[in-house]
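There are 2 protein chains.
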Amino acid sequence: MDQHAMDRYIKSMIKEAGHRIRNSFLSDISVDTKAHANDLVTNVDKEVEKFFIQNIRKDFPGHRVFGEEGFGDTIEELSGTVWMLDPIDGTMNFVHQRRNFAISLGIYEDGVGKMGYIYDVVNDDLYHAIAGGGAYYNDERLQPLIETDISESIIGMNAMWATPNRHVEHEATIRLVHDARGMRSYGSAALELAYLASGRIDAYISMRLSPWDIAGGLVMAKEVGAVASNFSGAAANLLKSDTFVAANPSIHGKLLQDYIKPKQA
Amino acid sequence: MDQHAMDRYIKSMIKEAGHRIRNSFLSDISVDTKAHANDLVTNVDKEVEKFFIQNIRKDFPGHRVFGEEGFGDTIEELSGTVWMLDPIDGTMNFVHQRRNFAISLGIYEDGVGKMGYIYDVVNDDLYHAIAGGGAYYNDERLQPLIETDISESIIGMNAMWATPNRHVEHEATIRLVHDARGMRSYGSAALELAYLASGRIDAYISMRLSPWDIAGGLVMAKEVGAVASNFSGAAANLLKSDTFVAANPSIHGKLLQDYIKPKQA
Numbered sequence: 001m002d003q004h005a006m007d008r009y010i011k012s013m014i015k016e017a018g019h020r021i022r023n024s025f026l027s028d029i030s031v032d033t034k035a036h037a038n039d040l041v042t043n044v045d046k047e048v049e050k051f052f053i054q055n056i057r058k059d060f061p062g063h064r065v066f067g068e069e070g071f072g073d074t075i076e077e078l079s080g081t082v083w084m085l086d087p088i089d090g091t092m093n094f095v096h097q098r099r100n101f102a103i104s105l106g107i108y109e110d111g112v113g114k115m116g117y118i119y120d121v122v123n124d125d126l127y128h129a130i131a132g133g134g135a136y137y138n139d140e141r142l143q144p145l146i147e148t149d150i151s152e153s154i155i156g157m158n159a160m161w162a163t164p165n166r167h168v169e170h171e172a173t174i175r176l177v178h179d180a181r182g183m184r185s186y187g188s189a190a191l192e193l194a195y196l197a198s199g200r201i202d203a204y205i206s207m208r209l210s211p212w213d214i215a216g217g218l219v220m221a222k223e224v225g226a227v228a229s230n231f232s233g234a235a236a237n238l239l240k241s242d243t244f245v246a247a248n249p250s251i252h253g254k255l256l257q258d259y260i261k262p263k264q265a
Numbered sequence: 001m002d003q004h005a006m007d008r009y010i011k012s013m014i015k016e017a018g019h020r021i022r023n024s025f026l027s028d029i030s031v032d033t034k035a036h037a038n039d040l041v042t043n044v045d046k047e048v049e050k051f052f053i054q055n056i057r058k059d060f061p062g063h064r065v066f067g068e069e070g071f072g073d074t075i076e077e078l079s080g081t082v083w084m085l086d087p088i089d090g091t092m093n094f095v096h097q098r099r100n101f102a103i104s105l106g107i108y109e110d111g112v113g114k115m116g117y118i119y120d121v122v123n124d125d126l127y128h129a130i131a132g133g134g135a136y137y138n139d140e141r142l143q144p145l146i147e148t149d150i151s152e153s154i155i156g157m158n159a160m161w162a163t164p165n166r167h168v169e170h171e172a173t174i175r176l177v178h179d180a181r182g183m184r185s186y187g188s189a190a191l192e193l194a195y196l197a198s199g200r201i202d203a204y205i206s207m208r209l210s211p212w213d214i215a216g217g218l219v220m221a222k223e224v225g226a227v228a229s230n231f232s233g234a235a236a237n238l239l240k241s242d243t244f245v246a247a248n249p250s251i252h253g254k255l256l257q258d259y260i261k262p263k264q265a
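So the protein lines, in turn, are chains A and B.
Here the first sequence is numbered in the working numbering, starting from 1 and rising by one per residue.
Here the second sequence is numbered in the working numbering, starting from 1 and rising by one per residue.
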């Protein structure tokens, strides 16, 4: 299947998954917790992941799938084509708000991002990108990010990281809260990356994200010139959870240098 | 004009104002600052306020208007009918994101809230409430808020208040960040109050809001059982800027008692 056909296939599958998620609001949603009390998962996350995996296995038998809910493959290296899927990114929002969550999908070949999709299910807004072919918000091409500075930036980050925590020196984060124009927190890494690519926020910072949270957004971010890394400045981790900062290229370096101070692991 | 006719009149006027705001995206928007570098105002805020005031003065000559941009009346007491208007609540979002802002309108008679409107312009979502007649999200009646506790609550609050500041003891706010299920920050008081009334967040906390920020949302919040006050527990201030907390009734008292510790003025 060529890339254009694959793009149409993926968009169709994502829209169908979105339809299933919206329909799930009509019946009871069962909520469980995973690693801790606020790490939520529902039957819908699991069913939607299975829906994707069934389709991918049938139509792309040589490809592997790295999915949040664990129904895909065990991925320890990135050879070949790997689909990185979060069926519902922002499950807490899904449960509490029934909005502000997204399907996130990134397609990688030998570790290189080729296609990225973030679908804001309730607003029926699809962001997508094809490496070298630009990023789009529905049918509208997203423009390269415009130069900015911290004092005119809106930063996406959870308030937690401005309080004492084991990941970063919170005094440095506090300086960021005071120096930036504004702070926002939406509760979905995928949507915040789509917002970054759309120029609606200028950076997104998180202490711990998994490959499926960022895989789609990374392809999109790159197409508009955004820069992404972990807190050490190394390439974002596509094999396991890691720190993460993606930003307008004019502030990424300054964020790492002056405002994000990781504690010794 | 009876209340039903007035409700239709207001909805029509708000939709027309929303249309003008969406059209403004097609031309240049001029941005100025007010009290400080991040307190933004645009030509669109001003034009939309004038549009409302012209209509209200023509069709309700005995009424007064309390508007954010100052084109209305000077309001020092609340006798008679007062329209409290924020033409664009969330101007920073309007400028940077072209979304996540709202028209906010509350109508008060002798200081008592009678009608409230919050219009999410870009999503074309209208929240409204009529005192004693319920609150609505578009055509859907909003249900009374369900009992919750802090550990299962999502709190709307800017990260700033978990950092050292002159309004509250930040150590207490930090406990809230750690004890709550999640923190969110959307950058529009009106939208966060609409979210509270819809059960999507369980509390909204701000250090400094003006009457026009909260007037519409207060009518809405009351209709679903939410409780609002300043940080001392007194009724929300409708004459000048003040602290503000609105919450699910099962956590409002606990927020004031354990988590919001105002510094001496």
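One or more hints might be untrue.
Said to hold, decoys possible - Computed footprint of chain B on chain A; a stretch qualifies when at least three of its residues, placed anywhere within it, have a C-beta under 8 Å from a C-beta of chain B: (1) 56–68; (2) 150–158; (3) 218–228.
To be verified - Below are the SDA-like pairs computed for lysine to any residue, each with C-alpha atoms no more than 25 Å apart in a straight line: (4) 254/B / 36/A; (5) 11/B / 34/B; (6) 34/A / 110/B; (7) 254/A / 95/B; (8) 34/A / 25/B; (9) 46/B / 200/A.
Hints were generated in silico from the structure; no laboratory data involved.
Every residue, glycine too, gets a C-beta built ideally from N, C-alpha and C.
Verification of the supplied hints:
Figure legend: the segment 56–68 of chain A, annotated as covered by chain B; annotation inconsistent (0 residues with Cβ-Cβ distances under 8 Å, at least 3 required). Remark: the segment 150–158 of chain A is confirmed as covered by chain B, as 4 of its residues place a Cβ nearer than 8 Å to a Cβ of that chain, reaching the required three. Restraint check on the segment 218–228 of chain A versus chain B: 0 residues with Cβ-Cβ distances below 8 Å, three needed, restraint violated. With a C-alpha separation of about 24 Å, the suggested pairing of residue 254/B with residue 36/A holds against the 25 Å cut-off.
Between the alpha carbons of residue 11/B and residue 34/B the distance comes to roughly 29 Å, so the proposed pair goes past 25 Å and is violated. Taking the CA atoms of residue 34/A and residue 110/B, the gap is about 52 Å. The hint is violated against a cut of 25 Å. Straight-line distance between C-alpha atoms of residue 254/A and residue 95/B comes to about 24 Å, which keeps the hinted pair within the 25 Å bound. Restraint check: the Cα-Cα separation between residue 34/A and residue 25/B comes to about 43 Å, which exceeds 25 Å; the hinted pair is violated.
Distance hint between residue 46/B and residue 200/A is fulfilled; the C-alpha atoms sit about 23 Å from each other, no more than 25 Å.
The structure fails to meet hints 1, 3, 5, 6 and 8 from the earlier list, while all remaining hints are met.
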